[in-house]
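Taken in order, these protein sequences are the chains called D and R.
Counting from 3, one number per residue, gives the positions in the first sequence under our numbering.
Counting from 3, one number per residue, gives the positions in the second sequence under our numbering.
There could be a bad hint or two in this list.
Pairs count within a copy or across copies, as identical chains cannot be separated in the list.
[Said to hold, decoys possible] Pairs of lysine to any residue, SDA-like flavour, derived with a Cα cap of 20 Å:
1. Lys110 / Tyr197
2. Lys115 / Ile74
3. Lys142 / Gln182
4. Lys227 / Pro216
5. Lys69 / Ser226
6. Lys227 / Thr11
7. Lys69 / Gln41
8. Lys221 / Asp77
9. Lys115 / Leu128
10. Lys170 / Val187
None of these hints come from the bench; they were simulated from the model.
2 protein chains.
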Amino acid sequence: MDYRNIVLTLKYDGSAFHGWQTQPNGITVQQCMTEAARQITNDEVRITGCSRTDAGVHANMFVCTLKSQTRIPCDRLKGAFNAILPDSIAVTDCRDADIAFHPRYDCKKKTYKYMIWNGNEKNPFLVNRAYYYKYEIDEKLLNEQARDFIGTYDFSAFCACASTVDDKTRTVYGACVERQGDIVVFTFCGNGFLYNMVRIMTGTLLDIGSGRIPVNTIKDIILSKDRSRAGVTAPAHGLYLDRVEY
Amino acid sequence: MDYRNIVLTLKYDGSAFHGWQTQPNGITVQQCMTEAARQITNDEVRITGCSRTDAGVHANMFVCTLKSQTRIPCDRLKGAFNAILPDSIAVTDCRDADIAFHPRYDCKKKTYKYMIWNGNEKNPFLVNRAYYYKYEIDEKLLNEQARDFIGTYDFSAFCACASTVDDKTRTVYGACVERQGDIVVFTFCGNGFLYNMVRIMTGTLLDIGSGRIPVNTIKDIILSKDRSRAGVTAPAHGLYLDRVEY
Chain D
3 MDYRNIVLTL KYDGSAFHGW QTQPNGITVQ QCMTEAARQI TNDEVRITGC SRTDAGVHAN
63 MFVCTLKSQT RIPCDRLKGA FNAILPDSIA VTDCRDADIA FHPRYDCKKK TYKYMIWNGN
123 EKNPFLVNRA YYYKYEIDEK LLNEQARDFI GTYDFSAFCA CASTVDDKTR TVYGACVERQ
183 GDIVVFTFCG NGFLYNMVRI MTGTLLDIGS GRIPVNTIKD IILSKDRSRA GVTAPAHGLY
243 LDRVEY
Chain R
3 MDYRNIVLTL KYDGSAFHGW QTQPNGITVQ QCMTEAARQI TNDEVRITGC SRTDAGVHAN
63 MFVCTLKSQT RIPCDRLKGA FNAILPDSIA VTDCRDADIA FHPRYDCKKK TYKYMIWNGN
123 EKNPFLVNRA YYYKYEIDEK LLNEQARDFI GTYDFSAFCA CASTVDDKTR TVYGACVERQ
183 GDIVVFTFCG NGFLYNMVRI MTGTLLDIGS GRIPVNTIKD IILSKDRSRA GVTAPAHGLY
243 LDRVEY
């Protein structure tokens with residue numbers, strides 16, 4: 003029987019997971035998805051994700067594919083996944099795709115959001131959901147500075163040293179910083195992002211805000227390709243994969 | 003040395019607690035507050051709360067008093083509490099009050115909110131934070147029905163049988179149901195609420211929505227003083243003590 007290539011759209015709270023990708027130590031989202039899929043289809047399935055989110059990173063939208071010979075219709079599959087998966091993972095959409103569709107290689111655009119709680123006190127309802135930054139953020143300044151990330155560049159300066167990717171050229175389509183009350187949201191949209199790139203871009207903007215990095219230097223830092231000139235890597239738990247487009 | 007009566011305003015995520023009141027089994031908010039206060043003041047303190055929230059119930063605003071001989075000024079006390087307390091409890095305000103002030107007896111008005119996630123699928127970010135009710139809620143109908151709770155009545159029909167309170171007369175000042183996207187919020191405001199009263203009022207409205215209880219019967223149910231005529235007790239994890247006024 004032919005294989006189907008089923009596209010599943012997920013939403014997950016990454017707090018309890020060691021990221022997306024299956025690994026020997028710690029429970030991952032991919033592992034939960036694979037185990038649920040095997041239980042539902044009784045088939046040796048393969049689950050492929052659109053991104054390798056780190057431990058603690060969340061997803062408002064994450065796309066993965068399920069290769070399986072199952073005949074179960076999509077609407078029933080969706081219900082079965084939502085019944086079996088832990089409450090921290092939801093399947094929001096399920097549909098058949100062309101067998102050649104690949105959730106990572108075919109992705110045209112990804113949007114990440116980084117959430118910062120910038121209130122006077124810690125917020126018990128945002129533990130693990132937003133980074134608590136207690137110094138007042140000047141969102142107007144950071145929004146202006148963020149524009150310098152827009153464009154096509156070699157973003158080596160904004161890539162974790164551990165990365166083994168060869169071509170570090172990426173296109174950033176949009177970058178902005180907005181305040182919604184005590185929450186400051188950093189939004190980055192691009193054709194793809196390097197390892198830790200969004201967290202380093204966020205950390206660099208925060209360092210500009212605090213004065214540790216001078217204003218109007220982002221273009222210079224990009225062109226230097228020198229990781230040591232960019233800012234800190236903001237913690238994982240403020241990061242959300244927000245949208246993937248094909 | 004004289005005792006001080008220090009008023010602490012809290013915000014807490016009740017998911018991990020067995021409610022407010024200290025008890026032999028399970029960690030409570032009162033116990034965390036007492037232990038933190040003893041550590042900070044090095045004094046045999048007494049913590050008194052404005053309400054006895056149940057296990058799993060949250061507070062956007064909760065008021066308690068700390069009786070202590072400490073000389074530490076309020077702003078430093080607040081910082082010390084926020085440093086020592088678990089991330090799930092925040093102290094948002096700290097000030098001295100008259101020694102006679104009592105957070106429960108002097109309370110004039112309490113507002114509770116009950117949060118329902120009424121989307122098509124479960125929401126991973128609202129686990130333990132809102133009750134997932136999968137049948138579509140007609141918020142306009144329930145908002146009309148909720149008005150019948152307003153007034154001064156013996157609310158025995160809306161009180162958990164375990165309650166030992168003698169006088170079950172309470173005044174409800176406001177009751178409304180509003181939709182904010184996929185979230186439906188039930189708001190109840192009154193001079194006080196009986197044990198489980200807000201959760202039973204919410205459950206009764208949901209039962210009216212589903213047809214298990216006929217429309218326009220809330221006044222009859224109140225007057226019957228018969229708990230068996232009211233609806234189910236909605237789960238604790240959707241409930242928030244939202245505001246207390248003096």
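Status of each hint after checking the structure:
1. Lys110 / Tyr197: Result: close within a single copy only, 18 Å intra versus 54 Å inter.
2. Lys115 / Ile74: For Lys115 and Ile74, the Cα distance exceeds 20 Å both inside one copy (35 Å) and across copies (41 Å).
3. Lys142 / Gln182: Close inside one copy (12 Å), not across copies (28 Å); limit 20 Å.
4. Lys227 / Pro216: within (17 Å within a copy, 69 Å between copies)
5. Lys69 / Ser226: neither (43 Å within a copy, 59 Å between copies)
6. Lys227 / Thr11: neither (35 Å within a copy, 49 Å between copies)
7. Lys69 / Gln41: within (14 Å within a copy, 57 Å between copies)
8. Lys221 / Asp77: This pair counts as neither: shortest intra-copy Cα distance 48 Å, inter-copy 42 Å.
9. Lys115 / Leu128: both (15 Å within a copy, 18 Å between copies)
10. Lys170 / Val187: Intra 25 Å, inter 47 Å, cutoff 20 Å: neither.
Hint compliance for this structure: hints 2, 5, 6, 8, 10 are broken, all remaining hints hold.
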